[in-house]
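These protein sequence lines are chains W and V, in that order. To convert, note that position 430 of the first sequence is 537 in this note's numbering; the numbers rise steadily by one, no gaps. To convert, note that position 25 of the second sequence is 41 in this note's numbering; the numbers rise steadily by one, no gaps.
Read the hints as simulated data drawn from the structure, not as lab findings. One or more of the hints may lead you astray.
[As the list claims (entries may be wrong)] Derived SDA-like pairs: lysine to any residue, alpha-carbon spacing no greater than 20 Å straight-line:
hint, chain 1, residue 1, chain 2, residue 2
1, W, Lys267, W, Thr195
2, W, Lys876, V, Phe59
3, W, Lys920, V, Ser93
4, W, Lys643, V, Glu48
5, W, Lys665, V, Glu58
6, W, Lys643, V, Gly56
7, W, Lys665, V, Asp81
8, W, Lys728, V, Gly56
9, W, Lys920, V, Pro42
10, W, Lys728, V, Ser93
11, W, Lys643, V, Pro42
12, W, Lys665, V, Lys113
13, W, Lys665, V, Gly56
14, W, Lys728, V, Pro35
15, W, Lys665, V, Asn89
[Stated by the list, open to error] One side of the interface only, derived from the structure: several residues of chain W facing chain V at Cβ under 8 Å:
hint, residue
16, Gly489
17, Glu632
18, His634
19, Ser636
20, Gly640
21, Arg645
22, Phe668
23, Val669
24, Asn676
25, Gly681
26, Arg712
27, Val714
28, His925
29, Val926
30, Ile929
[Said to hold, decoys possible] Quick list of the computed label-pair ranges, beta carbon to beta carbon:
hint, chain 1, residue 1, chain 2, residue 2, range
31, V, Thr30, W, Glu913, 17 to 27 Å
32, W, Asp253, V, Pro35, 52 to 62 Å
33, W, Ala734, V, Pro35, 45 to 55 Å
34, V, Val114, W, Asp680, 42 to 52 Å
35, V, Thr117, W, Thr890, 48 to 58 Å
36, V, Val114, W, Gly658, 50 to 60 Å
37, V, Pro35, W, His634, 31 to 41 Å
Built from N, CA and C at the ideal position, the CB exists for glycine as well.
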Amino acid sequence: MNAQSAIEKGPEGSAQERLVVIGNGMAGCRAVEEILALQPDRYAITIFGAEPRVNYNRIMLSPVLAGEKSFDEIVINTAEWYEENAITLVSGDPVIHIDREACQVVSRAGRIESYDKLLIATGSDPFVIPVPGKDLPGVVTFRDLDDVETMLKAAETSTKAVVIGGGLLGLEAAHGLSLRGMDVTVLHLMPTLMERQLDEAAGYLLKSELEGRGMKILTGADTGEILEKDGRVGGVKLKDGTEIEADLVVMAVGIRPNGTLAKNSGLDVERGIVVDDNMVSSDPNILAVGECVQHRGECYGLVAPLWDMCRALAAGLAEMYKPYEGSVTSTKLKVSGVDLFSAGDFSGGEECEDIVMRDASRGIYKRVVVKDDKVVGAVLYGDTQDGNWYFDLLKNQEDVSDIREALIFGQAFASGGSALDPNAAVAALSDDAEICGCNGVSKGQVIGCIKEGANSVDAVRATCKASASCGSCTDLVESLLAITLGDAVAESAQTMCGCTSFGHDHVRKAIVENGYMSIPEVMQELHWSTPDGCSKCRPALNYYLLCAKPGEYVDDQKSRFVNERLHANIQKDGTYSVVPRMWGGITNPRELRAIADVVEKYEARMVKVTGGQRLDIFGIKKEDLPAVWADLNAAGMVSGHAYGKSLRTVKTCVGSEWCRFGTQDSTGLGVKLEQMSWGSWMPHKFKMAVSGCPRNCAEATIKDFGVVCVDSGYELHIGGNGGIKVRVTDLLTRVETEEEALELSAAFIQLYREDAWYLERTAPWVERKGLDWVKAQLFDDPTSVSALAERFRYSQSFSQDDPWAERAAGDRKDLHSHVGSIGAGPPADGAIKAVEPAE
Amino acid sequence: MSATEQDWVEICETSAIEPGMAGTVPVEGADEIAIFHTIGGEFYALVNKCPHKGGPLSQGIVHGDSVSCPLHNWRISLKSGEALGEDEGCTPTIPLKVEGTRILLDRAAILARQVV
Chain W
108 MNAQSAIEKG PEGSAQERLV VIGNGMAGCR AVEEILALQP DRYAITIFGA EPRVNYNRIM
168 LSPVLAGEKS FDEIVINTAE WYEENAITLV SGDPVIHIDR EACQVVSRAG RIESYDKLLI
228 ATGSDPFVIP VPGKDLPGVV TFRDLDDVET MLKAAETSTK AVVIGGGLLG LEAAHGLSLR
288 GMDVTVLHLM PTLMERQLDE AAGYLLKSEL EGRGMKILTG ADTGEILEKD GRVGGVKLKD
348 GTEIEADLVV MAVGIRPNGT LAKNSGLDVE RGIVVDDNMV SSDPNILAVG ECVQHRGECY
408 GLVAPLWDMC RALAAGLAEM YKPYEGSVTS TKLKVSGVDL FSAGDFSGGE ECEDIVMRDA
468 SRGIYKRVVV KDDKVVGAVL YGDTQDGNWY FDLLKNQEDV SDIREALIFG QAFASGGSAL
528 DPNAAVAALS DDAEICGCNG VSKGQVIGCI KEGANSVDAV RATCKASASC GSCTDLVESL
588 LAITLGDAVA ESAQTMCGCT SFGHDHVRKA IVENGYMSIP EVMQELHWST PDGCSKCRPA
648 LNYYLLCAKP GEYVDDQKSR FVNERLHANI QKDGTYSVVP RMWGGITNPR ELRAIADVVE
708 KYEARMVKVT GGQRLDIFGI KKEDLPAVWA DLNAAGMVSG HAYGKSLRTV KTCVGSEWCR
768 FGTQDSTGLG VKLEQMSWGS WMPHKFKMAV SGCPRNCAEA TIKDFGVVCV DSGYELHIGG
828 NGGIKVRVTD LLTRVETEEE ALELSAAFIQ LYREDAWYLE RTAPWVERKG LDWVKAQLFD
888 DPTSVSALAE RFRYSQSFSQ DDPWAERAAG DRKDLHSHVG SIGAGPPADG AIKAVEPAE
Chain V
17 MSATEQDWVE ICETSAIEPG MAGTVPVEGA DEIAIFHTIG GEFYALVNKC PHKGGPLSQG
77 IVHGDSVSCP LHNWRISLKS GEALGEDEGC TPTIPLKVEG TRILLDRAAI LARQVV
């Protein structure tokens with residue numbers, strides 16, 4: 108016995124019992140969370156994990172592969188969590204032996220740990236089909252982050268991937284690889300994709316959808332061998348002789364409970380580790396949860412049953428028994444743009460009745476299977492809104508004879524309520540209806556946490572975790588907030604525009620979390636009520652997508668305001684004004700000469716010195732813009748973005764180089780700031796200034812980001828505005844060096860870019876969020892500033908091409924020319940003639 | 017084609033205006049005309065002038081079968097030329113038809129807009 112180590116960890120030397128957990132995955136950690144919730148101090152806990160990292164959400168590996176999420180975003184328990192709960196994490200060192208007699212486990216590195224209770228949560232192993240070539244380099248499974256990394260590496264250098272297995276996991280892998288630019292072929296043994304979850308009709312719709320996205324799908328494809336080429340995988344040969352080229356093969360045919368360790372230590376193991384309703388194995392001191400167990404003859408490969416198991420386990424340990432009675436599972440496919448839900452049994456049979464609804468024009472297929480007046484299965488494709496309701500009816504074995512006729516039309520209709528009110532539908536759900544399948548949260552629990560003070564979706568996510576994983580139940584959580592709090596719901600009142608019932612924050616989060624790539628996709632997924640939006644939401648969505656996917660999202664010119672589309676400012680007479688950039692307000696004879704020449708050559712009616720220390724040329728016709736820009740480019744000038752929701756100017760005073768009061772090189776810093784941030788798109792226009800001393804001649808304290816130089820360094824100010832409502836900046840912080848000032852400026856800009864609503868200046872944004880919030884975002888975590896600044900620089904790497912130069916070179920000529928013209932001759936000879944467009 | 021030549025004047029190919037955008041057609045001695053291509057695939061022609069302050073509607077954001085004027089965001093129906101919502105006013109529409117891949121405008125309506 109090794110009582111000493113337990114005492115070291117225990118509070119005040121109390122002799123805690125020792126709990127050892129084998130498996131640092133979702134099951135092991137969730138079980139520990141449940142145990143801590145009931146008995147926070149009972150155990151000194153040690154967790155062994157085979158992977159060299161903290162616990163993460165394995166079901167979100169698909170979005171990581173698809174590039175929709177990063178690893179950091181799918182971490183469930185950070186290093187701090189282990190620390191705060193005094194948990195010893197032994198990662199990268201799996202347990203290889205259990206000595207049940209001595210109550211000890213031994214790790215691969217030889218570490219011995221004694222236990223009073225042992226929890227096995229070893230999960231499952233991917234099933235590798237035993238064909239020749241299965242061990243070749245380039246053949247991978249899809250189970251952990253290492254697999255994802257292998258695939259991502261392959262996606263960089265290879266072009267052709269074959270995914271063996273057209274089930275949930277295989278299709279998510281195929282989707283991810285396809286988004287990463289690979290040419291993907293899916294091989295599926297059965298005639299229907301996801302045949303365990305889908306019937307033939309839904310499988311067909313899914314197959315056509317995925318084929319439409321460029322994947323090749325072969326059903327009835329039986330893999331015979333994996334072919335070699337130059338020492339690694341070269342292709343796949345089917346038993347019928349077909350050969351498919353591949354430089355990456357992903358095996359995703361299924362999983363097998365991992366009970367090897369348990370079996371070797373003499374526990375009862377059949378398909379999985381046999382456990383009772385309290386998750387206790389055949390050894391009363393050893394428990395097991397998750398995909399490695401077999402409970403009442405069933406093994407589960409989905410996440411939802413896990414939560415029920417963990418609750419039962421923790422309750423059992425605390426002798427507050429809440430036996431686990433098995434789970435009915437449902438499935439949603441995490442492929443963005445595909446709505447698919449399935450639950451229960453729909454294989455049909457003698458006493459089963461099928462109720463089917465199809466709406467081909469909207470791509471909707473619904474099928475509910477009823478047996479003895481109870482729902483036994485449901486498959487929904489295209490419209491999955493009622494999935495939870497059917498699932499609820501199914502789990503509770505409710506008698507549906509009364510609503511049988513309206514059943515297929517969904518809950519709102521069947522319950523007789525208004526079909527348009529989603530809140531009524533959610534209100535009608537029973538308290539134990541599952542809202543969040545990922546985290547196993549019921550309607551009663553969500554309402555409980557709202558009543559305890561969670562008044563926004565974020566607050567609900569932070570407390571009971573509902574909608575915190577895949578986010579597909581966010582709408583339900585919002586409905587519950589609305590039902591429970593009425594008007595007191597934070598932030599949900601302000602919608603983006605009349606086309607949607609969602610607010611900016613919600614839409615934005617959905618874009619980031621679901622990796623939407625186009626405006627139509629956002630509108631489709633978030634149920635826009637107009638066919639193609641309006642002049643409010645279109646530019647906002649375009650910005651949000653651009654900000655979320657720099658370098659990937661293709662800017663939508665038709666969703667840009669005219670100024671941003673024509674890179675000039677429209678004036679009341681329909682002509683445009685042109686402002687070339689003058690870095691930090693400094694100019695030279697060459698630039699001035701070029702501007703003077705342009706004014707004369709294109710008969711500009713006025714030149715004006717702007718408030719931002721540069722020159723504005725008025726009265727240019729849209730047809731002349733590219734030629735004007737070409738002339739300005741020739742003198743080394745680029746677009747000043749005076750027309751954009753973007754960085755405008757960096758106003759400076761002359762600073763220490765000339766001024767007798769100047770403390771620092773304010774002009775130099777201004778130029779550097781402008782060179783760093785020009786070209787960036789923002790929620791609204793963004794102005795900066797640098798003053799060389801506190802006399803503040805550059806008026807830095809009414810700018811979005813202002814720097815006031817002092818002897819000891821630089822004061823950084825944020826959130827100022829000289830517009831309709833004058834607002835003086837808040838002091839963010841003081842820094843000593845120019846580098847720090849630049850870094851913080853980049854970080855602040857990025858924070859604003861990622862958080863503010865479209866058309867919200869920094870002044871109202873800072874007031875809405877609070878200066879403390881801004882400071883916390885930047886300074887609470889010492890890595891935040893560099894992370895934000897890094898994201899800004901990454902985004903800038905795609906946005907610092909001069910749009911004027913592109914247009915001057917002939918890009919989008921259509922925007923600057925007429926499609927035709929009509930000249931009027933003398934009335935007698937026909938009056939009108941059409942002229943071919945220039946192109 | 018001979019019957020149509022009398023009444024309709026060919027302007028351009030349908031492909032010259034991408035969906036969600038507008039093309040402009042200057043007319044000597046008269047108001048410029050804007051041809052709109054909606055995201056839904058329809059074509060409409062209007063005088064390129066907002067009834068409010070004369071803003072060039074062709075430069076507005078096209079959504080549904082309306083366009084928002086770039087100057088003050090008035091929303092104008094592409095079908096009727098009427099200002100929508102709270103605003104009142106009307107921009108003349110020009111009859112348009114698509115024949116194959118060609119866009120044609122009604123000659124009489126253009127003449128009617130000519131300044132004498």
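Between W:Lys665 and V:Lys113, does the CA-CA distance stay at or below 20 Å? With a Cα-Cα distance of about 23 Å, the restraint between W:Lys665 and V:Lys113 is violated, given a limit of 20 Å.
Just to be careful: measuring from the Cβ of W:Val926 to every Cβ in chain V, is the smallest value less than 8 Å? Nearest chain V Cβ about 3 Å off; hint holds.
Take the C-alpha atoms of W:Lys728 and V:Pro35, compute the straight-line distance between them, and say whether it is at most 20 Å. It is violated: about 24 Å lies between the C-alpha atoms, which goes past 20 Å.
Classify the hint on W:Gly681 as holds or violated, based on whether any CB of chain V lies nearer than 8 Å to its CB. With Cβ-Cβ at 4 Å, under 8 Å, it holds.
At the C-beta level, are W:Ala734 and V:Pro35 separated by a distance inside 45 to 55 Å? violated (28 Å)
Would the hint linking W:Lys665 and V:Asn89 be met if the CA-CA limit is 20 Å? holds (15 Å)
Is the interface hint satisfied for W:Ile929? The criterion is a beta-carbon contact with chain V at less than 8 Å. With a minimum Cβ separation of about 4 Å from chain V (threshold 8 Å), the hint on W:Ile929 holds.
Using 8 Å as the Cβ threshold, decide whether W:Gly640 counts as touching chain V. holds (6 Å)
May I ask you to test the interface hint for W:Phe668 with respect to chain V, counting a Cβ-Cβ separation under 8 Å as satisfied? holds (7 Å)
Does V:Gly56 lie within 20 Å of W:Lys728 when you go C-alpha to C-alpha? Roughly 30 Å separates the two Cα atoms, so the pair is violated.
Decide if the proposed pair is consistent with the structure: W:Lys920 and V:Pro42, CA atoms, cutoff 20 Å inclusive. holds (17 Å)
Can you verify the interface hint for W:His925: is its Cβ closer than 8 Å to any Cβ in chain V? holds (5 Å)
The structure is inconsistent with the numbered hints 1, 2, 3, 4, 8, 10, 11, 12, 14, 16, 17, 18, 19, 24, 26, 27, 32, 33, 34, 36, 37, although it conforms to all the rest.
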